[in-house]
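Trainee: Below, each chain spelled out in residue letters.
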Amino acid sequence: MNERWPILIFAAVMAVIPSIPGMPPFWIVLADNIGLSALVAMGLVLLTGVGGLTSFGQAAFCGFGAYTTAVLTTAYGVSPWLTLPLSLVVSGTVAVLLGLVTVRLSGHYLPLGTIAWGLGLFYLFSKLEFLGRNDGISAIPPLSIGSFRMLDPGSIYYAIWVAVLISALLTLNLLDSRTGRAIRALRRGHVAAEAFGVYAPRAKMLVFIYAAVLAGLSGWLYAHFQRAANPTPFGVQVGIEYLFIAVVGGAGYVWGGVLGAAIVVILKEILQSYLPMLLHGEGQLETIVFGILLVTLLQLAPTGVWPWLVARLPLKLSRRRLDTTLALPARLRPAGAPSVLLQIENARKQFGGVIAVNDVSFDVQTREIVALIGPNGAGKSTTFNLITGVLPPTAGRISVLGRPMGGAPPQEVVKLGIARTFQHVKLVPDMTVLENVAIGAHLRGHAGPLASMFRLDRADEAKLFAEAARQIERVGLADQIDQLAGSLSLGQQRIVEIARALCVDPMLLLLDEPAAGLRHMEKQRLASLLRALREGGMSVLLVEHDMGFVMDLADRIVVLDFGTKIAEGTPEAIKTNPEVIKAYLGVAA
Amino acid sequence: MNTTILLFLIQDGITNGAVYALLGLALVLVFAVTRVILIPQGEFVTYGALTYASLAAGRMPGTAKLAVAMGVVAFAFDLFAARKSLHARQIARAFTVNVVLPCAILALTYWAADHHPPVAVSVALSLLIVATIGLFLYRIAFQPLAHTSVLVLLIASVGCHLAMQGLGLLFFGAEGQRGPVIADLAFTAGPLRFSGQSLAVYGITIAFITGLWLFFGLTLYGKALRATAVNRLGARLVGIRTSLSGQIAFLLASVIGALSGILIVPITTLYYDTGFLIGLKGFIAAIIGGLVSYPLTAVAALVVGTVEAFSSFYASNFKEVIVFTLLIPVLLLRSLAAPAVEEEKD
Numbered sequence: 001m002n003e004r005w006p007i008l009i010f011a012a013v014m015a016v017i018p019s020i021p022g023m024p025p026f027w028i029v030l031a032d033n034i035g036l037s038a039l040v041a042m043g044l045v046l047l048t049g050v051g052g053l054t055s056f057g058q059a060a061f062c063g064f065g066a067y068t069t070a071v072l073t074t075a076y077g078v079s080p081w082l083t084l085p086l087s088l089v090v091s092g093t094v095a096v097l098l099g100l101v102t103v104r105l106s107g108h109y110l111p112l113g114t115i116a117w118g119l120g121l122f123y124l125f126s127k128l129e130f131l132g133r134n135d136g137i138s139a140i141p142p143l144s145i146g147s148f149r150m151l152d153p154g155s156i157y158y159a160i161w162v163a164v165l166i167s168a169l170l171t172l173n174l175l176d177s178r179t180g181r182a183i184r185a186l187r188r189g190h191v192a193a194e195a196f197g198v199y200a201p202r203a204k205m206l207v208f209i210y211a212a213v214l215a216g217l218s219g220w221l222y223a224h225f226q227r228a229a230n231p232t233p234f235g236v237q238v239g240i241e242y243l244f245i246a247v248v249g250g251a252g253y254v255w256g257g258v259l260g261a262a263i264v265v266i267l268k269e270i271l272q273s274y275l276p277m278l279l280h281g282e283g284q285l286e287t288i289v290f291g292i293l294l295v296t297l298l299q300l301a302p303t304g305v306w307p308w309l310v311a312r313l314p315l316k317l318s319r320r321r322l323d324t325t326l327a328l329p330a331r332l333r334p335a336g337a338p339s340v341l342l343q344i345e346n347a348r349k350q351f352g353g354v355i356a357v358n359d360v361s362f363d364v365q366t367r368e369i370v371a372l373i374g375p376n377g378a379g380k381s382t383t384f385n386l387i388t389g390v391l392p393p394t395a396g397r398i399s400v401l402g403r404p405m406g407g408a409p410p411q412e413v414v415k416l417g418i419a420r421t422f423q424h425v426k427l428v429p430d431m432t433v434l435e436n437v438a439i440g441a442h443l444r445g446h447a448g449p450l451a452s453m454f455r456l457d458r459a460d461e462a463k464l465f466a467e468a469a470r471q472i473e474r475v476g477l478a479d480q481i482d483q484l485a486g487s488l489s490l491g492q493q494r495i496v497e498i499a500r501a502l503c504v505d506p507m508l509l510l511l512d513e514p515a516a517g518l519r520h521m522e523k524q525r526l527a528s529l530l531r532a533l534r535e536g537g538m539s540v541l542l543v544e545h546d547m548g549f550v551m552d553l554a555d556r557i558v559v560l561d562f563g564t565k566i567a568e569g570t571p572e573a574i575k576t577n578p579e580v581i582k583a584y585l586g587v588a589a
Numbered sequence: 001m002n003t004t005i006l007l008f009l010i011q012d013g014i015t016n017g018a019v020y021a022l023l024g025l026a027l028v029l030v031f032a033v034t035r036v037i038l039i040p041q042g043e044f045v046t047y048g049a050l051t052y053a054s055l056a057a058g059r060m061p062g063t064a065k066l067a068v069a070m071g072v073v074a075f076a077f078d079l080f081a082a083r084k085s086l087h088a089r090q091i092a093r094a095f096t097v098n099v100v101l102p103c104a105i106l107a108l109t110y111w112a113a114d115h116h117p118p119v120a121v122s123v124a125l126s127l128l129i130v131a132t133i134g135l136f137l138y139r140i141a142f143q144p145l146a147h148t149s150v151l152v153l154l155i156a157s158v159g160c161h162l163a164m165q166g167l168g169l170l171f172f173g174a175e176g177q178r179g180p181v182i183a184d185l186a187f188t189a190g191p192l193r194f195s196g197q198s199l200a201v202y203g204i205t206i207a208f209i210t211g212l213w214l215f216f217g218l219t220l221y222g223k224a225l226r227a228t229a230v231n232r233l234g235a236r237l238v239g240i241r242t243s244l245s246g247q248i249a250f251l252l253a254s255v256i257g258a259l260s261g262i263l264i265v266p267i268t269t270l271y272y273d274t275g276f277l278i279g280l281k282g283f284i285a286a287i288i289g290g291l292v293s294y295p296l297t298a299v300a301a302l303v304v305g306t307v308e309a310f311s312s313f314y315a316s317n318f319k320e321v322i323v324f325t326l327l328i329p330v331l332l333l334r335s336l337a338a339p340a341v342e343e344e345k346d
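Respectively, the protein sequence lines represent chains A and B. Under my numbering, the first sequence has 282 at position 282, and the numbering climbs by one with no breaks. Under my numbering, the second sequence has 75 at position 75, and the numbering climbs by one with no breaks.
What the hints contain is simulated information worked out from the structure, not anything from laboratory work. Because the structure is a prediction, the values reported are computed rather than measured. Misleading hints may appear alongside valid ones.
Unchecked claim - Under the rule of at most 25 Å between Cα atoms (straight-line distance), these lysine to any residue pairs were calculated in the SDA-like manner:
id, chain 1, residue 1, chain 2, residue 2
1, B, Lys65, A, Leu293
2, A, Lys127, B, Asn317
3, B, Lys65, A, Tyr274
4, B, Lys65, A, Pro276
5, A, Lys575, A, Phe562
6, A, Lys127, B, Pro329
7, A, Lys426, B, Arg232
8, B, Lys319, A, Leu124
9, A, Lys268, B, Gly173
10, A, Lys127, B, Thr269
11, A, Lys127, B, Thr325
12, B, Lys319, A, Leu97
13, A, Lys268, B, Leu169
14, A, Lys127, B, Ile322
15, A, Lys127, B, Ile140
16, A, Lys127, B, Ser316
17, A, Lys268, B, Ile140
18, A, Lys415, A, Glu513
19, A, Lys127, B, Val307
20, A, Lys268, B, Val152
21, A, Lys127, B, Ser149
22, A, Lys127, B, Val152
23, A, Lys127, B, Leu277
24, B, Lys65, A, Leu271
25, B, Lys84, A, Ala301
26, A, Lys463, A, Ala200
27, B, Lys84, A, Thr296
28, B, Lys65, A, Val428
29, A, Lys426, B, Val150
30, A, Lys426, B, Ala174
31, A, Lys127, B, Phe313
32, A, Lys426, B, Asn231
33, B, Lys319, A, Tyr123
34, A, Lys426, B, Val152
Bound conformation, chain A alone (with noise of 0.2 Å):
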């Protein structure tokens, strides 16, 4: 409970903030919106600063809480509590629809997608003969619990600030979750956490949705805050204000979020009453400021304030305690004798005319471990990605104990107990290495999105973690294992993504290079971690330059060049094999 105490006295606070005698009634208006601004914001947090999808605009969402609730109660007299989930619903369908079309959007295309479906969407608005056109509905019934009205900012303020702290304590938990997780992995690019059962597109969705659900609920609030609702509150020139509130707070940072409303409504409001009187000139002074700050504040502190006022907070969050006890079921292995655990029969990759992978044949076995070498550009990365699902096979056929995969994706191939490290780590930098390990034993949790945030994952979690725990401390990593992933070694980072795909609880492990990086004691640790591995029933597959290590440590080795098997065999007879002396140092003159 310990990390839930500011938390507490911040809702204390924010309780007794309106019985403050003589506190101007003005600044209950100023801390109204900015709980309004906070709800959208926040949603731009775990969309954009965590999700790494920019929406420009989420002021259309607010819209569609907005104009909802304004119809149904003014043209249909439906009681305002029964327009909320009405609200949330149609902000949340909205969602679905245009994150249909814009959420598979790559790089910059979304910021630009978004951008347009919400001028769309406001010129929308500001036409439709339903919704009042530019002069939008009025007289929207304010918010009532029995005979008690919100009539005055006061009143609503609690509505307001007990919706913002509801929202930010769920989606603390939500982030704090192996869904939380997953969404946390997509920022730095899809194939790794693909690789370990999460589907990116899904993930990307939910984000959008929940982040469209908080500006509904925005939404929903300032209609009967205004008690009024007209198209210009929702174009994208707000929407680029939320955009700012997140990234002036920290949008990595729900926090951030409340924060940078607080900053910018209070901001906006000194610019607006002091800035014609110091100038006078007319109008539309504080969007020059606004801008200026804007530009200054990304070229001085990208991050925002959130994170730059916790580094200087004496706060210290506990240690996560893990019972390592706790265990997740073990995957079923085929019993008895040796058998084909993989088998690739002619495979091949052709990228336009490049022929990558050129008919490539060979096996594992179980209990074996089978390296894969060849000079550089030989195709043993792309057979990797082959193998993987991540790149689907030109020919061939791959197959797993039997049953051909026929071009799974990453996510089904995970599924039938292959796990695999990257060339080039792919860890979350910014997650802690227990949590990037956690994301390898993704499949095995089962918690989906609102159980987390709800806190009902709590045992799922646990078991979770206790596996997470278990593999680090089998990679000989338990001192690091509360260390960020980003502050770590190349090697160390090397052998973290070994630790993630033994989370998997796989048949098969698939090491790209896991040696490179590494120094000799440690490459020494992993080779005898890799024969231990063997010894318990686990077959590996590994892409590795140095030999000296590959020759000790595998029992067949598969020679590659210029995406053609050119030799199979023992350490011993490819050290020996005139094609591969060949490929290696050329002919001799």
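With chain A held as given, fit chain B onto it using these hints.
Mentor: Relative to chain A, chain B alone:
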């Protein structure tokens, strides 16, 4: 629908489309070299148009003063960046470009505002003013961020747009303005009437498209600019000054933006914030062109212009909705065509 309306709508669409094409080209240019998605492109349009209109009406445009102010800041940035190794020649050069040049332009503008100059002089002065603003904008806002991600650059770009739009209101007021036509002739062909202005729009657009295409495809400097876009470090290692490439890109973009503004301000009334919408339509074209292809962008711009013309005829209320929604299927196709294994960097 009769043929006359059809032809008229197409002509209208092509004229609009030509302007969008110019803007789209500038956006592609800036993105290709600096990875900045240039939202303030619209402000270059309004600044160019309204500076020209102000000068023609004998008023002093505030943009000239802005150029001086930005120049001074840019000079300070240059001094700060080179504080470890200051050379007299370097300072003199920075001083000339950043302070003397905009001051000279300001003096010229004061003179011109009083003497009702010929159209050509107003056009040239407006282009010069906006060009310096574009140059300094890169120096001040984007050069210090050149190493960051596309997203950070995009947000900075939005910040610049907000500031410049606010300044636009300050300089030109909330009323719309029109400027005098550049070429005062007209002829008719069948049912269509061609004004000199629209012919100037076509001519200049075609000239710019071919010019840029040749510049980037054939000249060493164009190739250097493209190299900067692909790999900044690599470009620097082979001796390309990446900050200079960025400045050239912004210079070209601001000139193109201002020129498009000057071309349309005699046809339509422009307000301080009109540029944003016009710029965004250029964007749609640029994005259809994938932010890389000049000819494709030009064709896309014509499509956007024509769709706009037709939708303003048939569903004028939903004109903007239709134009902006046009982007979504395009974006979708684009991202489906993008390589599957794509890694984003922070």
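Trainee: So, for every hint listed, does it hold in this structure?
Mentor: Hint by hint, here is what the structure shows:
1. B:Lys65 - A:Leu293: Holds. Lys65 of chain B to Leu293 of chain A sits at ~21 Å (cutoff 25 Å).
2. A:Lys127 - B:Asn317: With a Cα-Cα distance of about 6 Å, the restraint between Lys127 of chain A and Asn317 of chain B holds, given a limit of 25 Å.
3. B:Lys65 - A:Tyr274: holds (24 Å)
4. B:Lys65 - A:Pro276: The given pair, whose Cα atoms are some 20 Å apart, holds under the 25 Å limit.
5. A:Lys575 - A:Phe562: Given pair Lys575 of chain A, Phe562 of chain A holds - Cα atoms ~19 Å apart, limit 25 Å.
6. A:Lys127 - B:Pro329: holds (23 Å)
7. A:Lys426 - B:Arg232: holds (23 Å)
8. B:Lys319 - A:Leu124: Roughly 10 Å separates the two Cα atoms, so the pair holds.
9. A:Lys268 - B:Gly173: holds (22 Å)
10. A:Lys127 - B:Thr269: holds (22 Å)
11. A:Lys127 - B:Thr325: holds (15 Å)
12. B:Lys319 - A:Leu97: Judged against 25 Å, a Cα distance of about 22 Å means the pair holds.
13. A:Lys268 - B:Leu169: Holds. Lys268 of chain A to Leu169 of chain B sits at ~18 Å (cutoff 25 Å).
14. A:Lys127 - B:Ile322: This hinted pair holds, its Cα atoms lying about 12 Å apart.
15. A:Lys127 - B:Ile140: Distance of about 39 Å is beyond 25 Å: violated.
16. A:Lys127 - B:Ser316: Given that 25 Å is the threshold and the Cα spacing comes to 10 Å, the pair holds.
17. A:Lys268 - B:Ile140: OK: Lys268 of chain A and Ile140 of chain B at ~23 Å, within 25 Å.
18. A:Lys415 - A:Glu513: Roughly 23 Å separates the two Cα atoms, so the pair holds.
19. A:Lys127 - B:Val307: holds (19 Å)
20. A:Lys268 - B:Val152: holds (22 Å)
21. A:Lys127 - B:Ser149: violated (37 Å)
22. A:Lys127 - B:Val152: Judged against 25 Å, a Cα distance of about 33 Å means the pair is violated.
23. A:Lys127 - B:Leu277: holds (17 Å)
24. B:Lys65 - A:Leu271: holds (23 Å)
25. B:Lys84 - A:Ala301: Within the cut-off at roughly 23 Å; holds.
26. A:Lys463 - A:Ala200: holds (24 Å)
27. B:Lys84 - A:Thr296: With a Cα-Cα distance of about 22 Å, the restraint between Lys84 of chain B and Thr296 of chain A holds, given a limit of 25 Å.
28. B:Lys65 - A:Val428: violated (48 Å)
29. A:Lys426 - B:Val150: Between Lys426 of chain A and Val150 of chain B the Cα gap is close to 21 Å, so the pair holds against 25 Å.
30. A:Lys426 - B:Ala174: Cα-Cα ~52 Å, so violated.
31. A:Lys127 - B:Phe313: holds (16 Å)
32. A:Lys426 - B:Asn231: With Cα atoms ~22 Å apart, Lys426 of chain A and Asn231 of chain B stay inside 25 Å; holds.
33. B:Lys319 - A:Tyr123: holds (9 Å)
34. A:Lys426 - B:Val152: holds (22 Å)
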